[in-house]
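For this one, chain A is given, so just place chains B, C and D on it according to the hints.
Residue numbers (our numbering), protein chains in the order written: chain A, 1 to 241; chain B, 1 to 241; chain C, 1 to 264; chain D, 1 to 264.
Since the hints were made in silico from the structure, they are not lab data. Note that the structure is predicted; figures quoted are calculated from it, not measured. Glycine included, each C-beta is placed from N, C-alpha and C at the ideal position. Treat the hints loosely; a few may be bogus.
[Claimed, not checked] What the simulated footprint calls covered on chain C by chain B, stretch by stretch (three residues with Cβ under 8 angstroms from a Cβ of chain B suffice, anywhere in the stretch; the number is not a length): (1) 18 to 32; (2) 72 to 80.
[Stated by the list, open to error] With a cut-off of at most 25 angstroms between alpha-carbon atoms, the simulated DMTMM-like pairs for lysine to aspartate or glutamate come out as follows: (3) K44/B to E126/D; (4) K182/A to E126/D; (5) K172/A to E199/A; (6) K164/C to E88/A; (7) K69/B to E97/B; (8) K188/D to E97/B; (9) K188/C to D23/A; (10) K134/C to E126/D.
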Amino acid sequence: MSEELNYSKADIMVVTMARLLKDAENAFMGVASNLPFFAIWLAKELYNPNLVWLNIPGRVNPSPSYAPKSTVHAQLSHKGTASVTLAEIFDMSARGELDVAFLSGIQIDFQGYFNLSHISDGTRIMVQFPGGAGSALICANSRRVILWRTRHDKRTFNEKCQVVTASGNVYKVVTSDVVFKKDGPTLQLESIHPHTTFEEVVENTGFPISPAPFTPEPTNEELGLLREFDPENVREIEFLG
Amino acid sequence: MSEELNYSKADIMVVTMARLLKDAENAFMGVASNLPFFAIWLAKELYNPNLVWLNIPGRVNPSPSYAPKSTVHAQLSHKGTASVTLAEIFDMSARGELDVAFLSGIQIDFQGYFNLSHISDGTRIMVQFPGGAGSALICANSRRVILWRTRHDKRTFNEKCQVVTASGNVYKVVTSDVVFKKDGPTLQLESIHPHTTFEEVVENTGFPISPAPFTPEPTNEELGLLREFDPENVREIEFLG
Amino acid sequence: MGKVNTLEQAGALVNDRDRLAMGGLLLQRIPGAFTRELARQGKRGLKVMKTAANYDFDLLCLAGCVDEIAAGFVSFEAEFGFAPNFRRSVQEGRVKFDENSCYTVIAALRAAAYGVPFMPIANLGESYLASKFKTVNNPYGNGDGDVLTVPAIYPDWAVLHVQKSDEDGNAIIYGPVFEDLIMARAAKKIILTTEKIVPLTEIQEDIDLAAIPGFKVEAVVEIPNGAFPGACQPNYDYSPESVEEYLTIKDNGALAEYLEKNNP
Amino acid sequence: MGKVNTLEQAGALVNDRDRLAMGGLLLQRIPGAFTRELARQGKRGLKVMKTAANYDFDLLCLAGCVDEIAAGFVSFEAEFGFAPNFRRSVQEGRVKFDENSCYTVIAALRAAAYGVPFMPIANLGESYLASKFKTVNNPYGNGDGDVLTVPAIYPDWAVLHVQKSDEDGNAIIYGPVFEDLIMARAAKKIILTTEKIVPLTEIQEDIDLAAIPGFKVEAVVEIPNGAFPGACQPNYDYSPESVEEYLTIKDNGALAEYLEKNNP
Numbered sequence: 001m002s003e004e005l006n007y008s009k010a011d012i013m014v015v016t017m018a019r020l021l022k023d024a025e026n027a028f029m030g031v032a033s034n035l036p037f038f039a040i041w042l043a044k045e046l047y048n049p050n051l052v053w054l055n056i057p058g059r060v061n062p063s064p065s066y067a068p069k070s071t072v073h074a075q076l077s078h079k080g081t082a083s084v085t086l087a088e089i090f091d092m093s094a095r096g097e098l099d100v101a102f103l104s105g106i107q108i109d110f111q112g113y114f115n116l117s118h119i120s121d122g123t124r125i126m127v128q129f130p131g132g133a134g135s136a137l138i139c140a141n142s143r144r145v146i147l148w149r150t151r152h153d154k155r156t157f158n159e160k161c162q163v164v165t166a167s168g169n170v171y172k173v174v175t176s177d178v179v180f181k182k183d184g185p186t187l188q189l190e191s192i193h194p195h196t197t198f199e200e201v202v203e204n205t206g207f208p209i210s211p212a213p214f215t216p217e218p219t220n221e222e223l224g225l226l227r228e229f230d231p232e233n234v235r236e237i238e239f240l241g
Numbered sequence: 001m002s003e004e005l006n007y008s009k010a011d012i013m014v015v016t017m018a019r020l021l022k023d024a025e026n027a028f029m030g031v032a033s034n035l036p037f038f039a040i041w042l043a044k045e046l047y048n049p050n051l052v053w054l055n056i057p058g059r060v061n062p063s064p065s066y067a068p069k070s071t072v073h074a075q076l077s078h079k080g081t082a083s084v085t086l087a088e089i090f091d092m093s094a095r096g097e098l099d100v101a102f103l104s105g106i107q108i109d110f111q112g113y114f115n116l117s118h119i120s121d122g123t124r125i126m127v128q129f130p131g132g133a134g135s136a137l138i139c140a141n142s143r144r145v146i147l148w149r150t151r152h153d154k155r156t157f158n159e160k161c162q163v164v165t166a167s168g169n170v171y172k173v174v175t176s177d178v179v180f181k182k183d184g185p186t187l188q189l190e191s192i193h194p195h196t197t198f199e200e201v202v203e204n205t206g207f208p209i210s211p212a213p214f215t216p217e218p219t220n221e222e223l224g225l226l227r228e229f230d231p232e233n234v235r236e237i238e239f240l241g
Numbered sequence: 001m002g003k004v005n006t007l008e009q010a011g012a013l014v015n016d017r018d019r020l021a022m023g024g025l026l027l028q029r030i031p032g033a034f035t036r037e038l039a040r041q042g043k044r045g046l047k048v049m050k051t052a053a054n055y056d057f058d059l060l061c062l063a064g065c066v067d068e069i070a071a072g073f074v075s076f077e078a079e080f081g082f083a084p085n086f087r088r089s090v091q092e093g094r095v096k097f098d099e100n101s102c103y104t105v106i107a108a109l110r111a112a113a114y115g116v117p118f119m120p121i122a123n124l125g126e127s128y129l130a131s132k133f134k135t136v137n138n139p140y141g142n143g144d145g146d147v148l149t150v151p152a153i154y155p156d157w158a159v160l161h162v163q164k165s166d167e168d169g170n171a172i173i174y175g176p177v178f179e180d181l182i183m184a185r186a187a188k189k190i191i192l193t194t195e196k197i198v199p200l201t202e203i204q205e206d207i208d209l210a211a212i213p214g215f216k217v218e219a220v221v222e223i224p225n226g227a228f229p230g231a232c233q234p235n236y237d238y239s240p241e242s243v244e245e246y247l248t249i250k251d252n253g254a255l256a257e258y259l260e261k262n263n264p
Numbered sequence: 001m002g003k004v005n006t007l008e009q010a011g012a013l014v015n016d017r018d019r020l021a022m023g024g025l026l027l028q029r030i031p032g033a034f035t036r037e038l039a040r041q042g043k044r045g046l047k048v049m050k051t052a053a054n055y056d057f058d059l060l061c062l063a064g065c066v067d068e069i070a071a072g073f074v075s076f077e078a079e080f081g082f083a084p085n086f087r088r089s090v091q092e093g094r095v096k097f098d099e100n101s102c103y104t105v106i107a108a109l110r111a112a113a114y115g116v117p118f119m120p121i122a123n124l125g126e127s128y129l130a131s132k133f134k135t136v137n138n139p140y141g142n143g144d145g146d147v148l149t150v151p152a153i154y155p156d157w158a159v160l161h162v163q164k165s166d167e168d169g170n171a172i173i174y175g176p177v178f179e180d181l182i183m184a185r186a187a188k189k190i191i192l193t194t195e196k197i198v199p200l201t202e203i204q205e206d207i208d209l210a211a212i213p214g215f216k217v218e219a220v221v222e223i224p225n226g227a228f229p230g231a232c233q234p235n236y237d238y239s240p241e242s243v244e245e246y247l248t249i250k251d252n253g254a255l256a257e258y259l260e261k262n263n264p
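Looking at chain A on its own, in the form it has when it is part of the complex (with noise of 0.2 angstroms):
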């Protein structure tokens, strides 16, 4: 059915977490987080003006006058209102007062915990990731953390991660088609994004899931805003390569 839809699976990622932030205090997004990039700022404009937007640079709240395509770009501090280090904002985790963090895993598991290291076979490393950069440390202190990852396969969602980069406070996790919530120990599938069904997620899926209702849709507002401010569909480059 995805030909009906007038939004990408980058809008409804980016739309759906946008709205998770309705109530957030504060929202920390990490290198290569192009998605929750426009995830925080659509939630500033839209839904928490109040949100505090945290990010590597350091700049607190900036006012990107574009998307870029790397998110530590100078974007990322334009027109800051207070200057915190990375350093600082790891220190704030430490403390527990992050309250939202933006993390994604090369390979997720049906508890959440997650792989951003490698793959061995016991005595070597077989395939390099790149890390899972200030996971670790964020996962298991931030209050409430999102996962999101814009493929959805066996190989991401499998059934127990070989090597566990970070786990911890996972919240949610929005993949390219569905939102799973952490509920007690495991994984469950909590929407399912429309263009796609029941039968192919659980093809897709490496640990076992029930039923769950469609995610819903991004709105026109949220889809002109995002459109407007990103014509050149930067919110895409996740899905590329």
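Frame of chain A, contents of chains B, C and D only:
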């Protein structure tokens, strides 16, 4: 013989301490440290222009345009060359990178241990002193500590401090009347300022000392520079009250 | 945005027995006006900390506001002598002076800022101060001796006086920062007094210096000359005459008169 | 004062097997020109560290200069994909990747900066990273569990690219500092490349930002565009075309040509 001298006790103390900085890499001075202020200033003017001057306001190598009474005054930041906070100066000391530090004690004993804390009767505090400020860290970790004290009597220079605020790498002790050097575990008389005599010093010192030569007197060049920089005689302030 | 309060409202945020890290050092950029407000409001049982203090801690002793002082040094400098009310309060047992080396105050604040229960530090030599602190084994060492540690101290408030803040508390300190930024990070919340409240755009012109983020600030009060009788460079120097005047106060009546006259 | 050197002289200060903390983050204000000089001089066995890196560490892998990388993240961002030479070097066992959480890099540098053998940190959850580090008992606790610690790492050099330095190395970073200042304090000595060497008077105009003191700086080299192909804000942005060009290098010949062409 003091009528014949063309310099004050403050002058000979300043000059003596300045000369100790001829080969110093850096020198730190703290609060209420007027004589060290002049000593570092004079050493940089005359003997060691590359000496790195470190102070509480955290401006490296200030060029004060006059001598303030407070040694945390903005003149200590005037025309500095870089900003290093007090915490970072302490860190330098902790890493063993502070070369010379000026400290003082209200009581100083024969080992060079000193008390800036209090006098107690064993259970309660009878006389509260200001506290040792950074002394405990600085004295234990800097390479060479120069103690100075404008009073030379048996209350100050005693057999053993009841309360030890700080101890460690004491190098010299410059008093109103003499210079001690730390030689092995104890202070030894190194020189006697020309206004007094060995007999008087013995009388005013609470631990055994051996005879020593006179301290070299200030030169006209040294005195001229000091008087020009400090026409208001701020360098006498530690001798007042 | 509702953070701009009167001095009285800001003072009312502080509860009896709260722990305050107070900014500035000796007579430099201290929260002088806020200190007098604490005295006027008759706070009791406060615990205060700073590396090196004089006027503010001495006044809080005189006014009976503090139970405990953690500091490395509490005294005026040469021209004014020791801090008389601090001395008397400690000697008479009304105030506990938890003497620190200045660095152990910093270490305690760093531990709080980093969310850890203690901070390892270099040794403090043979000293009665060293005996206040505990050691731990270096887990990465070869049994080469223990490491001295300082326990975290979490201030309820960092009370800071700055040159410039916007109405949300995004603020800039010009000149020496002393321990203010460590305090701002260690404390649960910040109370700011500022020489001037400026538009955010003026903060943004010096954004690299805007190291106090509004989101931690609970109150912002504009008080020109708010460091009085201390200095706030480059705006004004400390006032020796006013420090002398303060030092003449001998009783509660004179204190009340002083607090009335010097408001803020 | 003799600290102003050519890029070649500054590169020669670094010995094989030295440990380098390299400034900037990803493609922001990295010491790009100095990294290429290390490659041209054929350094071997270097140990490098930073929270999050791509071009500089990837190039050092390609050129065979590094043995060990301590970092939280080594990758380009979305448009360029992973760091290919880093990946290959690690997968082929030529480079040891000591994966950290970014915060543990910071903690290791803080410990070095403070002159202590380790830094306590908050917990890292259930993670293979947590298992790399040892715990100690909290000496001030009530047996309420152990505290995770990170051992100090002392870099021989902090290699930083800045917008402005005087000839003594008194230097200013404008905009995000990333971990540069922690590196400057943790390292034994600093090597600076700077967009511009300016008179001291120009440093003094922004003295509150002059957080790199000349006395720790061993070499200052003026290299306009020295962060290339990275950004140095506000002077210039990173060059996507040049990063793409770098990523086409497949062999030693192409690398030599690239290093020749891009000098500095």
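For each hint, the structure was consulted:
{"no.": "1", "hint": "18 to 32", "verdict": "holds (count 4)"}
{"no.": "2", "hint": "72 to 80", "verdict": "holds (count 7)"}
{"no.": "3", "hint": "K44/B to E126/D", "verdict": "violated (56 angstroms)"}
{"no.": "4", "hint": "K182/A to E126/D", "verdict": "holds (16 angstroms)"}
{"no.": "5", "hint": "K172/A to E199/A", "verdict": "holds (21 angstroms)"}
{"no.": "6", "hint": "K164/C to E88/A", "verdict": "holds (22 angstroms)"}
{"no.": "7", "hint": "K69/B to E97/B", "verdict": "violated (28 angstroms)"}
{"no.": "8", "hint": "K188/D to E97/B", "verdict": "holds (10 angstroms)"}
{"no.": "9", "hint": "K188/C to D23/A", "verdict": "holds (21 angstroms)"}
{"no.": "10", "hint": "K134/C to E126/D", "verdict": "violated (29 angstroms)"}
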